[in-house]
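Protein sequence lines, in the order shown, are assigned to chains G and S.
Numbered per this note's numbering, the first sequence spans residues -2 to 201.
Numbered per this note's numbering, the second sequence spans residues -2 to 201.
Please note that a few of the clues may not be correct.
[Stated by the list, open to error] Here are the computed lysine-lysine pairs in the DSS-like style, where the Cα-Cα straight-line distance is at most 30 Å:
| # | chain 1 | residue 1 | chain 2 | residue 2 |
| --- | --- | --- | --- | --- |
| 1 | G | K40 | S | K40 |
| 2 | G | K64 | G | K40 |
| 3 | S | K129 | S | K64 |
| 4 | G | K40 | G | K88 |
| 5 | S | K64 | S | K88 |
| 6 | G | K64 | S | K40 |
| 7 | G | K129 | S | K129 |
| 8 | G | K129 | S | K40 |
| 9 | S | K129 | G | K40 |
| 10 | G | K40 | S | K64 |
[Said to hold, decoys possible] Here are some, though not all, of the chain G residues that point toward chain S, as calculated from beta-carbon distances under 7 Å:
| # | residue |
| --- | --- |
| 11 | V109 |
| 12 | R119 |
| 13 | A121 |
| 14 | E148 |
| 15 | V149 |
| 16 | L158 |
| 17 | S161 |
| 18 | P177 |
| 19 | L178 |
| 20 | M189 |
Just so you know, the hints here were simulated from the structure itself, not pulled from any lab data.
Each residue gets a CB set at the ideal place from its N, CA and C atoms; glycine is no exception.
2 protein chains.
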Amino acid sequence: MTDGTAPRRRGRPARTEATDGPAAPERILEAARTEFAERGYDKTTMRGIARAAGVDAALVHHYYGSKDDVFAAAIEVSFEPALAVSEILGKGTDGIGERLARYIIGIWENPVSRVPLLAIIRSALTHDAAAKVFRGFVLRRLLGRVAAELEVPNPEFRAELAASHLVGIAILRYVIQVEPLASADPEEIIAMVAPTLQRYLTEA
Amino acid sequence: MTDGTAPRRRGRPARTEATDGPAAPERILEAARTEFAERGYDKTTMRGIARAAGVDAALVHHYYGSKDDVFAAAIEVSFEPALAVSEILGKGTDGIGERLARYIIGIWENPVSRVPLLAIIRSALTHDAAAKVFRGFVLRRLLGRVAAELEVPNPEFRAELAASHLVGIAILRYVIQVEPLASADPEEIIAMVAPTLQRYLTEA
């Protein structure tokens, strides 16, 4: 598991590697996201990531350590937009429910961020190792950051309840595609969900 | 896909089959649930189900048709307790949010119903064919029944929003096991979620 601080490269900088340019860590990460998205956690290999990135497998190990570490790094990149929630929270708690709903649903509405998110959630739901990485990330980075801003009893629990609703909506709307939710106007969803999130995050 | 009416056997009753007793359809279904739960949708085969049930593969086809049909039947059995929601709804809308939250979380808290539910949700999230079956079932049988009882605008949408929250809680609590939600007292969850469901299902 990474410690979550950028840049993720370890040891010597990429510039000193003979086989690649300075962009190797980013190329590897991009290849990893694609591999995990297309093949799922189980079928993705370090060798496959290396091949897709055009580098030696040893370099993938050098930068990212184990497969779980690469997965954690891929999760981080995919959820990077969501890490901006502290900005949303930083604006105070008035209307926080609506801002959060709008922001998260916006990430899902964008196909560029939706596809890797779906792949990662699918992996986390089907493989214990991926679930462990996801749990570590979701807990320590994302929800921990939200909970730290809240002034309610049991803030982590509250943040997780809010997250559970957003995760459930994403699954029914984007993965299982249940109608009419799958075709509903995002604004209609936001209007219904915002008061729920507002209550969870702010009302004691 | 089955038409959802019990009994699920087709054609002649099991009693007339030479190779098995009257319990063959039930035995096949039980074997199917176990196979889907243990192997997932992808790796479960009609032949494997037949072997686990101690019958000929042709008999599985005879009673249930295709693999998707067996999967649909297994979903139905696993969600049978949830189909009692019309009783919950039949008691009127006062306190419906709490009754629904308590009922669904009760199903998840019971390991006997949780294990096959988890397996089915995992399959639906990772395989399009399973998602299609799940969607058909969730839509037509479960949520349709709930929505029919509601007196709000866009009742299907409301029922799906409520379902999305319960699905999300199940995933964070039982699948990914995010703390503190995973260890929270069910009553604490019900107390927070009940007003949300109440609002979705009853407030215009």
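Verification of the supplied hints:
Restraint check for K40/G and K40/S: satisfied, since their Cα atoms lie roughly 14 Å apart, inside the 30 Å limit. A hinted pair counts as satisfied when its Cα atoms are at most 30 Å apart, and K64/G with K40/G qualifies at roughly 11 Å. Simply put, K129/S and K64/S have alpha-carbon atoms about 13 Å apart, close enough for the 30 Å limit, and the pair holds. Straight-line distance between C-alpha atoms of K40/G and K88/G comes to about 42 Å, which puts the hinted pair past the 30 Å bound.
With a C-alpha separation of about 38 Å, the suggested pairing of K64/S with K88/S is violated against the 30 Å cut-off. Between the alpha carbons of K64/G and K40/S the distance comes to roughly 24 Å, so the proposed pair stays at or under 30 Å and holds. For a cut-off of 30 Å, the pair hint linking K129/G to K129/S stands: about 28 Å separates their Cα positions. As the CA atoms of K129/G and K40/S are separated by approximately 24 Å, the hinted pair is consistent with the 30 Å bound.
The straight-line distance between the Cα atoms of K129/S and K40/G is roughly 24 Å, inside the 30 Å bound, and the hint therefore holds. Pair hint K40/G plus K64/S holds up; C-alpha atoms about 24 Å apart against a cutoff of 30 Å. Restraint check, V109/G versus chain S: the minimum CB separation of about 21 Å is more than 7 Å; hint violated. Of the supplied interface hints, the one on R119/G holds, with its beta-carbon coming within about 5 Å of a beta-carbon of chain S, less than 7 Å.
The beta carbon of A121/G is positioned within 7 Å of a beta carbon in chain S (closest approach about 6 Å), and the interface hint is therefore held. Residue-level restraint check for E148/G is violated (minimum Cβ-Cβ distance to chain S is 17 Å; threshold 7 Å). About 11 Å separates the beta-carbon of V149/G from the nearest beta-carbon of chain S, more than 7 Å, and the hint is not met. Given hint, L158/G at the interface with chain S, holds; its Cβ is 6 Å from that chain's nearest Cβ, closer than 7 Å.
Evaluation of the S161/G hint against chain S yields a held restraint, the C-beta minimum of about 4 Å falling below 7 Å. With a cut of 7 Å, the hint placing P177/G at the interface with chain S holds, because the nearest CB-to-CB distance is about 5 Å. Checking L178/G against chain S by beta carbon gives a least distance of about 4 Å; that is within 7 Å, so the hint holds. Checking M189/G against chain S by beta carbon gives a least distance of about 6 Å; that is within 7 Å, so the hint holds.
In the structure shown, a violation is registered for the earlier hints numbered 4, 5, 11, 14 and 15, in ascending order.
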